[in-house]
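> So the protein lines, in turn, are chains A and B. Residues 1 to 599 in our numbering are what the first sequence spells out, letter by letter. Residues 600 to 810 in our numbering are what the second sequence spells out, letter by letter.
If you're looking for bench data, these hints aren't it; they were derived computationally from the structure. Some hints here could point you the wrong way.
Unchecked claim - Here are the simulated EDC-like cross-link-like pairs (lysine to aspartate or glutamate), alpha carbons at most 20 Å apart as the crow flies:
hint: 1; chain 1: B; residue 1: K689; chain 2: A; residue 2: E419
hint: 2; chain 1: B; residue 1: K727; chain 2: A; residue 2: E419
hint: 3; chain 1: B; residue 1: K630; chain 2: A; residue 2: E3
hint: 4; chain 1: B; residue 1: K630; chain 2: A; residue 2: E173
hint: 5; chain 1: B; residue 1: K601; chain 2: A; residue 2: D252
hint: 6; chain 1: B; residue 1: K630; chain 2: B; residue 2: E764
hint: 7; chain 1: B; residue 1: K730; chain 2: B; residue 2: D690
hint: 8; chain 1: A; residue 1: K377; chain 2: A; residue 2: E419
hint: 9; chain 1: A; residue 1: K249; chain 2: B; residue 2: E764
hint: 10; chain 1: B; residue 1: K727; chain 2: A; residue 2: E346
hint: 11; chain 1: B; residue 1: K689; chain 2: A; residue 2: E346
Unchecked claim - Reference listing, derived: stretches of chain A covered by chain B, where coverage requires no fewer than 3 residues with Cβ under 8 Å from a Cβ of chain B:
hint: 12; region: 242 to 248
hint: 13; region: 549 to 558
As the structure is a prediction and not an experimental result, all values here were calculated from the model. No residue lacks a Cβ here, since even glycine has one placed at the ideal position from N, Cα and C.
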Amino acid sequence: MREYLLGNAAIARGILEAGAGVVTGYPGTPASEIVETLAPLAKKYNVHVEWSVNEKVALEVAIGASWAGTRTAAVMKHVGLNVAADPFMTLAYTGVRGGLVVITSDDPFCHSSQNEQDSRRYAQFACIPCMDPADPQEAKDMTLYAFELSEELELPVLLRPTTRVSHARADVEVGEIEENRAKPEFLKNPVRWVALPAHARPRHSVLLEKQAAIKTALEKSPWNQLVLRGELGVIASGISGLYAEEAIKQLDADISILHIGTFPPPDGLCSEFIRHVDKVIVIEELEPVLEEYVERVARVHNLDLNILGKRTGHIPREGELDSCIARNAIASMANLPLVESPSLGEAAAILPPRPPALCPGCGHRAAYYAIRKAFGKDAIFPSDIGCYTLAVDMGTIDTCLCMGASITLASGIRFSGEERDICCSIGDSTFLHTGLPGLLNAAYNRARITIAILDNSTTAMTGHQPHPGTGVTACGDKTKAVSIVSLAKALGADFVETVDPYDVNATIETFRRAKDYQGLSVVIAKQVCVINERRAGIKRKPFMVNENCTGCRECVEFGCPAIEFEEDSDSARINMLCTGCGVCAQICPYDAIEVVKDR
Amino acid sequence: MKTSECDIVVVGVGGQGVIMLTSIIGKAALKAGIPVRSAETHGMAQRGGSVINHLRIGCVFGPKVPIGGADILLALEPAEALRNAHYLSKDGIALVNINPVLPSTVTTGQSRYPPLEEILDPLERICKEIKTVDATKLAVKAGNSQTMNVVMLGVLSKYIPLREEMLIESLSESVPAKFLEVNRRAFELGKSEMQEDRYAMRQKNESLKFQ
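Excised from the complex, chain B in its bound form (with noise of 0.2 Å):
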C-alpha cells in the first residue's frame, strides 16, 4: 500500500543549494494543504561533503524516502546521482545536472572522477527513465551561476504534484526580492529544457518502433 504521494531524494554538494531548493518545494506542499516530510543533511557533511535531503509529498509518516522507493531522484552533481541511485524505485526517474563538482580526493590526485558516460551507464541501467541537464549552463543563461539549483526546481516541476504557482509563489519567498527575476528565468530555463527533451524521447521512440 503505498504511504507517500510522491517521494523525492534530493543530492548534490555542500553549497549547491540543497537545502534551500527542498525547503522551496516544502513551503509550496504547505500553501497546497498537502501534509509534507523532509530529512536534511547538516553538520558536518556539509564542509564539502555529499549532501542528502529526502523530500516526502502527501506523507504522514518519518521524514526518510525509503532505499528503493523514491520517484524521483534529483541530482545536482552527477557523482551523486549514482551515489544514491539505490533510493530510486523501479519506476523511478532521474534528473540529473551533469556538471561534475570534484571532491578533495580527486583534485589531491587520490581518486579519479570518472568521465560522465561512465558515470550515466551504470545510472542508466538503474533506472527506468533518466534525464540529463545542462543546469549550470542554463543558470548563466539566465544570468547566475548559483541559480542551478532553481534550474533543477524548474525541470523537477513537471514532475511533481505541486501546481507550478505554488512553487512560484514559493520562491518569491525564498530568494531576496533583487534576485527574484535572475530566479524565475532560472525556472523557466530548467522548465522548458524538460518540455524539448520529453518531445525529444518521443521522437526517439516512435522511430524505434518504425525500426
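Chain A extracted, bound-state conformation (with noise of 0.2 Å):
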C-alpha cells in the first residue's frame, strides 16, 4: 500500500513497523512531527510515546527502555543532540539491548535553527554508524534498519535526515505495523551498565573491535548503490545523491554516481568506484565528511585521482544544495555549459518584506513593550530560543545563542562587572527545558538580575506541544501540572510575581519593582498562547479607533500586525486581525482607541 507521508511522518510509520515500545523526543524543527505522528497513534499500538523535559532527558529514558530489552527512538533536532550529548558518547561504550535509534534532524540553510551542524560528525566522534536517507521512503525504511542493525551491533544507530527530507512529502509504500513485543527485563550486568572507569576501558576496547562489524553490514546493506559508466564520477551523499542522479540525468552525460546511504560509507564500492574514474566529484551538504572518506580511499586505490568538492571551492561547504548546484557543479567538472539560474534582479527590490513576526495579539509583545518602557532601552536584554526571539526588531532582545542561555548570559554579564540593568527573557518550555539549572546557579551565585519567565502555556514555536507545566502529556492525558512560581522560588529567587502581560500599567509597575529588587527577581509574565485560545474557540471584542486620533503612531510602533496607518486619513486603522487583546487601547495616549460596540 502506498501513502503520500511527510519525511517525518515515514519515519514514525517506520518506528512503528520495528515495533519499538518507547519513544522520546523534545520539539524541535525540523523534527517535531515524528513524536506529533505517534503520539495520538501510542495507545492502539501500546508504545509509550512521550515528550520529555529536553533532549538529554529523552536520550536517557530511551536507554533504560532499550536495556530493558525494548526497542526505541530518541528524537530531537540537530542541535537537541548537543544537549544529549553526554549520554551519546557514553552509550556508544556500553552499547544497547532492545535497538535503540537516535533521530537527529540537520537543518542546512539554518531555515528554523541557530545553526547548521552535521550531525554525522557526532556520529563519527561516538564511532556508531550513522544512515543519511536520500527522501521519506527511504527515511521510512532506514528506520526499519536502523533498529536491526542496532540490535545486531548491540550500538546505537543514528538516523540523521535533513529539513528536505522530514519536510517532504512523497508516495511511500508502507509495511505493516508489528505489534508483537518481547516481555522487556532489565537484566542486572554491572560490567555493561555501570560505566566505571574499570568498566569503560574494555568497553572501549569492544567499541573498536566493532568498527570492522560495521562496515561488514554497511557494506552489504541495500542503501548505497553504485552505476559505473564513464571516467567521470560523482559520489554523493543522502538528498545530495538525488540532486546530483537528476543534474547527471539533465545534463544527458556519461557520467558514473556512487550513492551513499551509510557512514561510514562501504569500503569496497568506493575503492572499486575510485579505481575506475579519473576524475571525481564528491557532492554532500554541510562538512566534508563523505569528501575526507573518498580523499583516504583515494590515497589506497587511486593516487592520480582527481577529486572535487569542498575542498577546491565546487560545492559550498554552507547552506542547503539543490539540482542546480549539483548540474553546475558536474558540468564543470565534465567541460560542459553551465546554465545561468534566472534572477529577479532589481525588480524584488520594490517588494515589501515579511519576516516571520510575533502574532496580532500576542502576550509576548505586549510583555517585551512593558520590560522596555520599566527598563528603558539603555538596559541589557539576553533572550532565548522560541516565538518570542521574533521580537527582536522590539529591541529587547540582545542575545539568543541556545536553549536555556538567557539566565546564564545574563548572569555572565552581570559577574563582568557591568552595571546597567539586565531583564532576560525565557518562554514557559524553554524555561522548563534548561533554564531551571540556569536559574539556580543565579540564585547560588547571587546574580543581581531579573527574569521575565513569558508563560504562554506551550511550546508554540514548534507547533504547540504541551510540556510539564501544561497538566497534559503527550498523548493528551491529565498529568500534574507543575506550578512555574513554586519552581522558581524552590531555585532561590525570592521575588517572583506573575502578571497578566495585557494589563499593560500593573506588568510595568511590576517590571519597575523587579528592576528596583537588590537581587534575583523572576516576574511571570502569563497570557494563554493566541493561537490555541482561537482553537479553543475563545473571542474576545475587537477594538477600533475613534475620532480622537492625532496620528501619534504611538500604537502602530507597538508592531502588532492588525494596526495599520492610514496616510489618507492619517490616522490609525484597526484591522480584521484584530484578536480584542486591548494592549493599544491602553497603549494609546488619547483615548482614541476602543472596543468595537454591539450593534
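If you follow the hints, you should be able to join the two separate chains into one complex; please do so.
The structure is reproduced here in C-alpha cells:
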C-alpha cells in the first residue's frame, strides 16, 4: 500500500513497523512531527510516547527502555543532540539491548535553527553507524533497518534526515505494523551498565573492535548504489545523491555515480568506484565527511584521482544544495556549459520584506512593551529560543545563543562588572527545558538580574506541544501541572511575581519593582498563546480607532499586525486581524482606541 | 532531459492554506498512481512570513523545484508571486490571486506595499503567461473567504496533468464533511474563471492579429 507521507510521518511509520515500545523526544523543527505523528497512535499500538523535558532526558529515558530489552527511538533536532551529547557518547561504550535509534534532523540553511551543524560528525565522534536518507521512502525503510542493525551490533544507530527529507512529502510504500514485542526485562550486568573507569576501558576496546563489524554490515546493506558509466564520477550522500542523479539526467552525460546512504561508507564499493574513474566530484551538504573519506580511500586505490568538492570550491560547505548547484558542479567537472539560473535582479526590490512576526494579540509583544517601558532602552536584554525571539525588532532581544542561555548569559554579563540593568527573557517550555539550572545558578551565585518568564502555556514555535507546566502529556492524558512560580521559588528566587501582560500598567509597575529589587527577581508574564485561544474558541471583542486619533503613531510603533496607519486620513486603523487583547487601547495617549460596540 | 512531468511552486503567506493546497494535489497524484514529491515550509516561517511549497508531479528526484524550472507558479498573494518569479521556467505560467496581505513591515510603516500594477508589470516581463484571479472575491461568493486556496486549486486544475475527479476526491478527503459543499463551489468558481479568461485571451490575441 502507498501513502502520501511527510518524511517525518514516514519515519514515525518506520518506528511502528519496527515494533518500538518507547519513543521519546523534545520538539524542534524540523523533527517535531515524528513524535506528533506517533502520540495519537500510542494507545492503539501500546507504545509509550512522550515529550521529554529536554533531549538529554529523552535519550536517557530511551536508553533505560533499551537496556530493559525494548526497541526505542529518541527524537530531536540537530542542536538537541548537543544537549544529549553526554549520554550519547558513553552509550556507544555500554551499547544497547533493545534496538535504539537516535533520530536527529539536520537543518542546512538554518531554516528554523541557530546553526547548521552536521550530525554525521557526531556519529563519527561516537564511533557508531549513521544512516543518511535521501527521501521519505528511504527514511522509513532505513528506520526499520536501523533498529535491526542496532540489535545486531548492540550499538545505537543514528538516523539523520535533513529538512528537505523531514519536510518533504512523497508517495511511500508502507509495510505491516509490528504489534508483538518481547517481554521487557532489565538484566543486571554491572560490567555493561555501570560505566566505572574499570568497566569503561574494556568497553572502549569492544567499541573499537566493533568498527569492522559495522563496516561489514553496511557494506552488504542496500543503501549504497553504484552505477558505473564513464571515467568521470560523482559520489554523493543522502539527498545530494538525488540532486546529482537529476543533474546527470538533465545533462544527459556519461557519468558514473555512487550514491551513499551509510556512514561509514562502504569500502568495497568505494574502492571499486575510485579505481574506475579518473576524476570525481563529491557532493554532500554541510561538512566534507564523505569527501575526507574519499581522499583517504584514493590514497590507497588511485593516487592520481582528481577529487573535486568543498576543498576545491566546487561545492559550498554552508547552506543547502539543490539540483542546480549539483548540475553546474558536475558540468564544470565535465567541461560542459554551465546553466545560469534566472535571477529577479532589481524587480523584487520594490517588495516589502515579509519576515515572520509575533501574531496579532500575542502576549509576548505586550510583555516586551512593558519591559522596555520599565527598563528603558539602555538596559541589557539577553533572550532565548522560541516565538519571542521574533520580537528582535522591539529592542528587547540582545542575545540568543541556545536553549536556556538567557539566564546564564545574563548572569555572566552581570559578573563581568557590567552595571546597567539586566532583564533576560525566556519562554515557559524553554525554562523547563534548560532554564532551571540557569536560575538555580543565578540564585546560588547571587546574580542581580531580572528574569522574565514569558508563559504562554505551550511550546508555540514548534507547533504547540504540551510541556510539564501544561498538565497534559504528549498523548493528551491529564498529568500533574508543574507550577513555574513554585519552581522559581524552590530554585532560590525571593522576588517572584505573576502578571497578565494584557494589563499594561500593572505589568510595567511589576517590572519596575523587579528592576529595583536588590537581588534576583523573577516576573512571570502569563497569557495563553493567541493561537491556542482561537483554537479553543475563545473570542474577545475587537477594537477600533475613534475620532480622537491624532496620528501620533504610538500604537503603530507597538508593532501589532492588526494596527495599520492610513496616510490619507493621517490616523491609525485596526484591521480584521484584531484579537481584542486591548493592549493598544491602553497604550494610546488620547483614548482613541475603544472596543467595537455591539450593534 | 526532462526530470519531472510538471513542476509547481505554490507561494503565499502563513495561514493562507498553502500546505493544505499542495497536499490535496499530492494526494490526487497518489490516487492517479503518479510519483510525486513536495517540499514544505514549516516552523519559523509560518508566523506570518512568506511560505513556499514545491510540488513535483511525475518526479522521482529531490523535492525542490529547480530555479528557472517551474511550469507553474501558483501565488495566493501578489507580492509573493513576484518574490518567487525566478522559479518560473521561460515557458512557465503564473497564476496569481490579486489580493494583497500586508506584512508587518508595511502595517508599521517601515515599508510600502506597491500598487498591484507595479507588481504585475515586472511579473509580466519575467513570465510568458500570467493569469490574475480575484480569488478572495470568488471564495466569498462560494460562501467562505477561507476557501480562497481551493478557488486557486480550481484555477490550477486547468493546467496540471491530473484528472479533475482525482482532485475532487482528494479535496473531499481533506476538508471536514460540513465544509465540503462550500469548497466544491470554490473549486468550480476557480475552474470556470479560467475558462472565461482563456476565452478572453484568445479574443485579445485575435484582435491583435487583425490590427
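> Would you mind marking each hint as holding or not holding in the structure?
Hints, one by one, checked against the model:
Note on B/K689 and A/E419: the hinted pairing is violated, with a Cα-Cα distance of about 60 Å set against a maximum of 20 Å. Proximity of B/K727 to A/E419 is assessed by CA-CA distance (about 62 Å); at most 20 Å being required, the pair is judged violated. Of the supplied pair hints, the one linking B/K630 and A/E3 holds, its CA atoms being roughly 9 Å apart against a limit of 20 Å. For the suggested pair B/K630 and A/E173, the alpha carbons sit about 13 Å apart, so the restraint of at most 20 Å is met.
With a C-alpha separation of about 10 Å, the suggested pairing of B/K601 with A/D252 holds against the 20 Å cut-off. Between B/K630 and B/E764 the CA atoms are separated by roughly 10 Å; this keeps the pair inside 20 Å, and the hint holds. With a C-alpha separation of about 14 Å, the suggested pair B/K730 and B/D690 falls inside the 20 Å cut-off, and the hint holds. A threshold of 20 Å between alpha carbons decides the hint, and for A/K377 with A/E419 the separation of about 14 Å falls inside it, so the pair holds.
With a C-alpha separation of about 33 Å, the suggested pairing of A/K249 with B/E764 is violated against the 20 Å cut-off. For the hint linking B/K727 to A/E346, the alpha-carbon distance of about 19 Å falls within 20 Å, and the restraint holds. As the CA atoms of B/K689 and A/E346 are separated by approximately 18 Å, the hinted pair is consistent with the 20 Å bound. Here's how the region 242 to 248 of chain A fares: 4 of its residues keep a CB closer than 8 Å to some CB of chain B, so the rule of at least three is met and the hint holds.
Against chain B, the region 549 to 558 of chain A contributes 3 residues with a C-beta closer than 8 Å to a partner C-beta. That satisfies the three-residue criterion, and the hint holds.
Of the numbered hints given earlier, the model fails hints 1, 2 and 9; all others are met.
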